[in-house]
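There are 2 protein chains.
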Amino acid sequence: MNEKLQAFVDDMIPEIERELKNQLAKSDIPDVLHESMMYSVEAGGKRIRPLLVMAVLFDMKKDSADALKVASSVELIHTYSLIHDDLPCMDDDDFRRGKPTNHKVYGEDVATLSGDAMQAMAFQALADLQETPPAAAIELVGLLARASGAQGMVKGQVLDMKGEQKLLPLAELEEVHIHKTGALLSYCIEAGAVLAEATDEQREQLRRFSHNIGLAFQIQDDILDVTATTEQLGKPANSDTSSEKSTYPSLLGLDGAREQLQARHEEAIHALQSIGLGESMLQLLADYIIERNM
Amino acid sequence: MNEKLQAFVDDMIPEIERELKNQLAKSDIPDVLHESMMYSVEAGGKRIRPLLVMAVLFDMKKDSADALKVASSVELIHTYSLIHDDLPCMDDDDFRRGKPTNHKVYGEDVATLSGDAMQAMAFQALADLQETPPAAAIELVGLLARASGAQGMVKGQVLDMKGEQKLLPLAELEEVHIHKTGALLSYCIEAGAVLAEATDEQREQLRRFSHNIGLAFQIQDDILDVTATTEQLGKPANSDTSSEKSTYPSLLGLDGAREQLQARHEEAIHALQSIGLGESMLQLLADYIIERNM
Chain A
-12 MNEKLQAFVD
-2 DMIPEIEREL
8 KNQLAKSDIP
18 DVLHESMMYS
28 VEAGGKRIRP
38 LLVMAVLFDM
48 KKDSADALKV
58 ASSVELIHTY
68 SLIHDDLPCM
78 DDDDFRRGKP
88 TNHKVYGEDV
98 ATLSGDAMQA
108 MAFQALADLQ
118 ETPPAAAIEL
128 VGLLARASGA
138 QGMVKGQVLD
148 MKGEQKLLPL
158 AELEEVHIHK
168 TGALLSYCIE
178 AGAVLAEATD
188 EQREQLRRFS
198 HNIGLAFQIQ
208 DDILDVTATT
218 EQLGKPANSD
228 TSSEKSTYPS
238 LLGLDGAREQ
248 LQARHEEAIH
258 ALQSIGLGES
268 MLQLLADYII
278 ERNM
Chain B
-12 MNEKLQAFVD
-2 DMIPEIEREL
8 KNQLAKSDIP
18 DVLHESMMYS
28 VEAGGKRIRP
38 LLVMAVLFDM
48 KKDSADALKV
58 ASSVELIHTY
68 SLIHDDLPCM
78 DDDDFRRGKP
88 TNHKVYGEDV
98 ATLSGDAMQA
108 MAFQALADLQ
118 ETPPAAAIEL
128 VGLLARASGA
138 QGMVKGQVLD
148 MKGEQKLLPL
158 AELEEVHIHK
168 TGALLSYCIE
178 AGAVLAEATD
188 EQREQLRRFS
198 HNIGLAFQIQ
208 DDILDVTATT
218 EQLGKPANSD
228 TSSEKSTYPS
238 LLGLDGAREQ
248 LQARHEEAIH
258 ALQSIGLGES
268 MLQLLADYII
278 ERNM
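Sequence order for the protein chains is A and B. Quick note: the numbering used here has the first sequence finishing at residue 281, numbered continuously throughout. Quick note: the numbering used here has the second sequence finishing at residue 281, numbered continuously throughout.
Check the hints yourself; a few may be wrong.
Chain copies aren't distinguished; within one or between two, either way the pair holds.
[To be verified] Okay, derived cross-link-like pairs now, EDC-like style, lysine to aspartate or glutamate, Cα gap no bigger than 20 angstroms in a straight line:
1. K86 to D274
2. K48 to E95
3. K149 to E246
4. K8 to D72
5. K56 to E118
6. K91 to E162
7. K149 to E95
8. K33 to D187
Hints in this document: simulated from the structure, not taken from any laboratory. Owing to the predicted nature of the structure, the values given are computational and were not obtained by experimental measurement.
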């Protein structure tokens, strides 16, 4: 990882994780529920989403006392979606990030409720912002609800379920990803832009950026699933090919997928350059996304 | 049902149901998800929660173009909780309001995602309010998140699960109800008060009212479970006793439960009287809650 990005990440991750714990440390939460929520929040992951929020503010040289809260609340939405996704009635996964999934430890009932509670908690965090004007806070609520709900992430999960076991054409595969992972990644950029009071032109280019790195992120995931080892991924490698799911490599071949990845990355960088963010933390994050090996 | 209340209900229910359909009629929702959400939203129910929101505004002689949206969004939260509650890993119910439960029709995966999407949609509705000042809208977001999440409704569901199969003392039983059903009922009253710009004193008395009718509602549910027929309830009668769950009648006897119901009802009415709402739609709703036979 680039040195400057590494320093940023090393700086931010402990703050993000402290804030996540803060958000979960509410009085009056039953012990088993709190433990189950903490278990999944502490299971780690790359914290890409909160990092994106923080990177927008960093690049636009804006400071917001609420940034960490906004950043962490997206991670709660992401984590709830993983818990529900892993349930036996969904993907039925026993392991996530090298650890038993939430329902394997706490049971399906508690896991379902933990996810439900985390979603509410994410919106609660936005309602509890201190310095952000109410009009901006309510804008964030609307953006997050849209990105995570029936027109966003949940839509992507439904499309994904329906598309499993059959080979989708590329356009439909991208439709899945744009919603399943892209919508929430785009929200992160948009949320950073709202907090940074970006102009309309900046927001439009940031949206172009996030659309393209969202897809790049997914293409790299698919490539890694073919090329990485189980140990690197913390989940069984080749898990997608074994269930005959459509992936970029299965549709385009490994080389074709890598070409797509480059094209998406370039488009993302062009968007940044057009608003003077060619040399930025967002650009380094975009580089990292296509270079990472886990 | 009282004539004046009946007229109010007959007036309101079609408007509430139209608004619920509007909220679900977003473009870009996958067909199966939309159908599944509509299925549970249209399964009916008494719409007590939206009616409470509307009754507060009616009684305080305030009008808000956003009232129906706020009222309907609570019903989305309530409906999502029923869908998840009915799942095999939770209460494992095959019927709800006389119809097969969501997962029996659409599968557990779609049912889980429908509930998730409905929760997001409820918050989206609050972000889309037209006339409510942003500060009030964001207050509603915070109140709804708290009432429905790990400190509210979800907490109640966790306590309820842990309490099943053992006889809880009355204080613990009430702790379950105060969270599982009470928190969201109280939110309805509070949301109405926010929209009506109620004073602090009015809000405090309305909270006292809602705390007591919340418990009264639950006591009457328990009593009906013993005394009503399966046909009246739309679900198997005696379902609580058959699983040896604590209920007001099982702890206090049927007469004791009825005494508690009267006491809660009186306390609720006193709260209303103290702010000049002794003769009001809320009072009629409180009467209905203890007199209803389904």
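Hint by hint, here is what the structure shows:
1. When the C-alpha separation of K86 and D274 is checked against a cutoff of 20 angstroms, the pair qualifies neither within a copy, at 28 angstroms, nor between copies, at 53 angstroms.
2. Within a single copy, K48 and E95 get their C-alpha atoms no closer than 44 angstroms, and across copies no closer than 46 angstroms, so neither meets the 20 angstroms cut-off.
3. Taking the shortest Cα distances, K149 and E246 never come within 20 angstroms of each other, neither inside one copy (27 angstroms) nor across copies (53 angstroms).
4. When the C-alpha separation of K8 and D72 is checked against a cutoff of 20 angstroms, the pair qualifies neither within a copy, at 22 angstroms, nor between copies, at 27 angstroms.
5. Proximity of K56 to E118 under the C-alpha cut-off of 20 angstroms is restricted to the intra-copy arrangement: shortest distance 11 angstroms within a copy versus 27 angstroms between copies.
6. In this assembly of identical chains, K91 and E162 lie within 20 angstroms of each other by CA distance neither inside one copy nor across copies; the values are 31 angstroms within and 28 angstroms between.
7. Proximity of K149 to E95 under the C-alpha cut-off of 20 angstroms is restricted to the inter-copy arrangement: shortest distance 14 angstroms between copies versus 23 angstroms within a copy.
8. When the C-alpha separation of K33 and D187 is checked against a cutoff of 20 angstroms, the pair qualifies neither within a copy, at 30 angstroms, nor between copies, at 45 angstroms.
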